[in-house]
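Visitor: Model the full assembly from the supplied sequences, consistent with the hints where possible.
Protein chains: 2
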Amino acid sequence: MDQKSLAMFVHLSQTLHFGKTALAFHMSPSTLSRAIQRIEDEVNSELLLRDNRTVMLTEAGRKFQHYAQQQAEQWQIFKQSLDETQQALTGKLSIYCSVTAAYSHLPPLLERFRQQHPLVEIMLTTGDASDALEQVQNKSVDFAIAANPENLPRSVYFQYLATIPLAVIAPTMNCIVQQQLSEKILPWAEIPIILPEHGPARKRFDLWYRKKQQGKPNIYATVSGHEALVSMVALGCGVGIVPQVVVENSPVKDRVQYLADVGEITPFDLGICCLNQSKSQPLIKAFFNAIA
Amino acid sequence: MDQKSLAMFVHLSQTLHFGKTALAFHMSPSTLSRAIQRIEDEVNSELLLRDNRTVMLTEAGRKFQHYAQQQAEQWQIFKQSLDETQQALTGKLSIYCSVTAAYSHLPPLLERFRQQHPLVEIMLTTGDASDALEQVQNKSVDFAIAANPENLPRSVYFQYLATIPLAVIAPTMNCIVQQQLSEKILPWAEIPIILPEHGPARKRFDLWYRKKQQGKPNIYATVSGHEALVSMVALGCGVGIVPQVVVENSPVKDRVQYLADVGEITPFDLGICCLNQSKSQPLIKAFFNAIA
DNA sequence: TCTGAGTGTTGCAAAAAACGCAACGTGTCG
DNA sequence: CGACACGTTGCGTTTTTTGCAACACTCAGA
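Protein chains in written order, with this note's numbering: chain A, 4 to 295; chain B, 4 to 295.
Quick caveat, the hints were computed from the structure, so don't treat them as lab data.
Treat each hint with caution, since some may be false.
Since copy identity is lost for identical chains, a pair holds within one copy or between any two.
Said to hold, decoys possible - List time: in silico DSS-like cross-link candidates among lysine-lysine, alpha-carbon distance up to 25 Å:
#1 Lys288 <-> Lys82
#2 Lys7 <-> Lys82
#3 Lys95 <-> Lys142
#4 Lys66 <-> Lys288
#5 Lys7 <-> Lys66
#6 Lys66 <-> Lys214
#7 Lys95 <-> Lys282
#8 Lys219 <-> Lys66
#9 Lys288 <-> Lys142
#10 Lys82 <-> Lys282
Guide: Laid out in structure tokens, this is it:
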């Protein structure tokens with residue numbers, strides 16, 4: 004019964020829903036189910052009553068919930084007390100990510116790390132998110148914030164950060180694209196489209212467009228870097244597919260609009276990556292430890 | 004990082020000796036070593052400094068020790084609070100053990116269990132400890148207190164209770180045996196010997212006697228049940244080999260003496276046994292839970 | 001009554017973790 | 001220097017955990 008199991012139980016005792024909690028912890032419901040069974044077996048009491056439709060805490064469950072929360076709290080206190088003791092690490096840590104990630108997801112991570120290890124020099128490089136994994140594999144950087152590709156190379160470790168929904172965006176200004184979009188049945192084969200050169204967003208597009216069965220897309224341009232893509236859309240060059248978060252952090256945000264009713268585009272998982280082989284290095288370990 | 008690992012660390016932080024702690028937890032030093040490494044990895048700090056000769060706590064180690072002890076305490080409190088909630092179990096639980104075990108090792112186990120489940124009827128059968136495992140496999144009883152044979156059947160579960168040292172005993176009264184024992188070089192081939200019919204003590208004797216290379220032993224009698232063996236020795240029939248604890252609980256204790264300098268006899272492990280398949284039964288689980 | 005969506009659980013095979021043994025490196029003491 | 005004591009590491013084996021797919025069950029709406 005480790006920290007993680009306890010956290011899972013606490014979460015579950017609040018949602019009272021195996022599916023949701025399993026999702027929150029990025030595991031299958033069966034795994035969660037078994038983990039709870041293990042706990043119940045260990046304390047030799049039923050903690051949750053499940054009747055195929057609802058889940059509810061038993062009396063013992065409430066007590067365990069209290070115990071688990073208390074546990075987690077003390078664990079936090081202990082870790083914090085360690086931070087005080089821990090002699091400061093020094094050195095350089097290089098990180099690669101997109102401009103957007105540097106705005107949206109990196110700051111909270113770095114903040115906690117720098118608080119614990121103020122002497123470590125952070126070297127941040129920004130660029131096309133699609134190149135992130137390559138940068139890690141090259142050993143050009145220690146870490147990268149990257150999307151999880153379907154086939155993650157064996158050599159890299161991936162720790163989930165967030166789920167990134169994609170969106171189809173169009174210019175708000177009056178232009179040819181605008182007119183095409185105002186038609187009843189969208190002429191997908193004609194609308195100029197701007198795409199990422201490669202990377203998960205590109206793959207998502209290919210999949211999504213094929214579903215429409217509209218023949219070949221009219222690809223106006225491919226660009227490297229989602230941020231540039233938003234600019235091009237804003238300029239009226241065409242419609243594009245990008246992560247929502249990129250749009251929201253874009254200075255031209257109000258010159259593009261989301262296209263609704265374009266069908267589901269499966270979001271991708273954003274995470275922090277490093278080489279498996281370097282996971283044992285002190286700075287790397289300290290970083291993961293700080294963001295955990 | 005489970006309860007057991009924490010307990011191991013606490014023990015180790017007191018002994019400061021991997022070998023001893025490993026022994027105390029019935030595992031190999033390597034397992035303990037790795038468990039500690041896992042913990043250190045998880046907290047990302049060295050907790051113990053080992054320099055091939057000595058082990059000492061670091062500052063972080065002291066903090067973790069405090070945390071671990073606190074953890075264990077809260078776990079106890081939680082379990083106890085559960086006991087209050089737990090609706091009383093009822094039924095029968097049958098246990099088999101030797102008369103000596105019923106005196107020496109059973110009472111503390113039963114006490115805790117009966118406190119939690121006063122409605123469960125305990126059915127205790129005493130007999131030769133060597134038959135204990137058989138009784139369990141027969142399903143004649145739910146539990147038995149038994150010695151761990153070298154080749155424990157797959158079907159039975161064994162939980163360690165104590166290490167039982169064996170001793171060679173002789174009568175204190177004046178008799179032939181006395182005279183033989185007073186000789187300078189003990190005439191082992193002539194001294195009458197009383198032995199358990201079978202079981203671990205018998206095996207230990209065979210091994211021990213063979214080491215002496217004195218030819219065939221003069222076996223005066225074989226008896227079933229260690230308690231009876233002590234009686235026969237007390238009566239002056241010969242010397243015998245039995246668990247020390249049997250002697251100490253014997254009413255004829257002062258009519259026998261331990262023979263010193265007879266060489267090492269490897270002690271055996273005493274434990275509580277049940278069928279693996281019955282470990283999931285509520286009463287059985289409750290019992291193990293109570294004695295854990 | 002039937003169907004379909006939404007739940008949690010279980011059989012199974014694959015993957016991961018833990019274990020013990022044996023060998024090793026490194027100190028200490030006679 | 002040689003024997004010993006102690007913790008660690010390489011390696012093959014065993015145990016545990018995992019996710020997928022199939023299942024069992026309930027409820028809502030046709």
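Visitor: Indicate, hint by hint, whether the structure satisfies it.
Guide: Hint check results:
1. Lys288 <-> Lys82: within (14 Å within a copy, 35 Å between copies)
2. Lys7 <-> Lys82: Answer is both; intra-copy 15 Å and inter-copy 20 Å each pass.
3. Lys95 <-> Lys142: within (14 Å within a copy, 66 Å between copies)
4. Lys66 <-> Lys288: between (34 Å within a copy, 20 Å between copies)
5. Lys7 <-> Lys66: both (18 Å within a copy, 21 Å between copies)
6. Lys66 <-> Lys214: Neither: 50 Å inside a chain and 58 Å across chains, both beyond 25 Å.
7. Lys95 <-> Lys282: within (15 Å within a copy, 54 Å between copies)
8. Lys219 <-> Lys66: neither (60 Å within a copy, 65 Å between copies)
9. Lys288 <-> Lys142: within (16 Å within a copy, 53 Å between copies)
10. Lys82 <-> Lys282: Intra 20 Å, inter 37 Å, cutoff 25 Å: intra-copy only.
Violated hints, listed in ascending order, are 6 and 8; each of the other numbered hints is respected by the structure.
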